[in-house]
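Colleague: So the chains spell out like this:
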Amino acid sequence: MIEVLYFAWVRERVGVPRERLETQAATVADLITELAAKEERYAWAFADLTSLRVALDQDLSSFDAPLAGVREVAFFPPMTGG
Amino acid sequence: MRLSVQAEPFDLGAESNAFAAGLQGAGAVVTFTGLVRDNGGALAAMEIEHYPGMTEKAIAAMMDQAAVRWKLADALVIHRYGRLAGDEAIMMVATAAAHRAEAFAAAEFLMDYLKSRAPFWKKELGVDGEAWVAAKEADEAALGRW
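Line order of the protein sequences matches chains A and B. Heads up: the first sequence runs through residues 1 to 82, numbered per my numbering. Heads up: the second sequence runs through residues 1 to 146, numbered per my numbering.
Mixed in with the good hints, there may be bad ones.
To be verified - Simulated restraints on C-beta separations:
1. B/Ala21 to A/Ala26: 24 to 34 Å
2. A/Leu49 to B/Gly25: 41 to 51 Å
3. B/Lys71 to A/Glu39: 51 to 61 Å
4. A/Arg71 to B/Gly25: 34 to 44 Å
5. A/Val16 to B/Leu125: 29 to 39 Å
6. A/Leu21 to B/His99: 24 to 34 Å
7. B/Ala138 to A/Glu72: 47 to 57 Å
8. A/Ser62 to B/Gly144: 35 to 45 Å
Claimed, not checked - Here chain A is said to cover these stretches of chain B; the calculated rule only asks that three of the stretch's residues, wherever they fall, bring their Cβ under 8 Å from a Cβ of chain A:
9. 74-80
10. 117-123
Said to hold, decoys possible - Examples of chain A residues lying across from chain B (beta carbon under 10 Å, computed):
11. Asp48
12. Ser51
13. Ala55
These aren't lab readings, by the way, just hints derived from the structure by calculation. Quick reminder that beta carbons are idealized off the backbone N, C-alpha and C, glycines included.
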């Protein structure tokens, strides 16, 4: 089981702020492919990966990163702090 | 060093005074404050979302890096989340160092990193609707100078 979090417009598109998922995905990219194939709302959220960022266990990561041992995955748009 | 991620407003004067009091070996204090631009009355409010846990972790790492690089005597970051009205203070950074060049550089470094590497997302609630603030390429490019 993996905890998946969504923020900002990714959260709005997916429709929930977080969920626990059962997945066999080996990488972040595999997880995205799996989700996008599942339902239209995910396909919409993950339509443009250039405008998405991912964090694994609260550290910024990349789409080709492996998910082995990861407890928390977060998807969000580029950050706008400050 | 102190970091506060909070919904409540903060008192810029009180925070600045408290920061500047009791510093050891510092000759320079720089403070920066970010405000909500009201876009000439077109903005009703700003909603700031963040990622509890990662926010603190990411900012603490930036502060540690700045402290070592510019030999800071102290540093402070306050960043708010939730709903803010126009002209309200969103965040502040304060840095203290032996000389002003280090204090200014550390403050700019922290600002550049807070913009693009701290997990906050701003949504503008305007009189004509709402929109997420898009990240600017210039903000990402600004990281390159460090």
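Colleague: Hint by hint, note whether the structure agrees.
Modeller: Evaluated hints:
B/Ala21 and A/Ala26 have their C-beta atoms about 54 Å apart, which leaves the hinted 24 to 34 Å range violated. Between A/Leu49 and B/Gly25 the beta carbons are some 48 Å apart, a value that agrees with the proposed interval 41 to 51 Å. Range check, B/Lys71 to A/Glu39: Cβ separation about 52 Å, and the 51 to 61 Å hint holds. Separation of A/Arg71 from B/Gly25 is about 42 Å and conforms to the stated range, judged on CB atoms against 34 to 44 Å.
The hinted window of 29 to 39 Å between A/Val16 and B/Leu125 is violated, with their beta carbons roughly 22 Å apart. For the pair A/Leu21 and B/His99, the beta carbons lie near 52 Å from each other, so the given range of 24 to 34 Å is not met. Roughly 31 Å separates the CB atoms of B/Ala138 and A/Glu72, a value that falls outside the hinted 47 to 57 Å. At roughly 18 Å, the beta-carbon separation of A/Ser62 and B/Gly144 lies outside the given 35 to 45 Å, and the hint is violated.
Under the rule that three or more residues need a Cβ within less than 8 Å of chain A, the assignment of the segment 74-80 of chain B is violated, with 1 such residues. By the rule of at least three residues with a Cβ nearer than 8 Å to a Cβ of chain A, the coverage given for the segment 117-123 of chain B holds, with 7 such residues. For A/Asp48, the interface hint is violated, the least distance from its beta-carbon to any beta-carbon of chain B being 13 Å, above 10 Å. Hint on A/Ser51 holds. Least Cβ distance to chain B is approximately 9 Å, under the 10 Å limit.
Residue-level restraint check for A/Ala55 holds (minimum Cβ-Cβ distance to chain B is 6 Å; threshold 10 Å).
When held up to the earlier numbered hints, the structure conflicts with 1, 5, 6, 7, 8, 9, 11 and fits the remainder.
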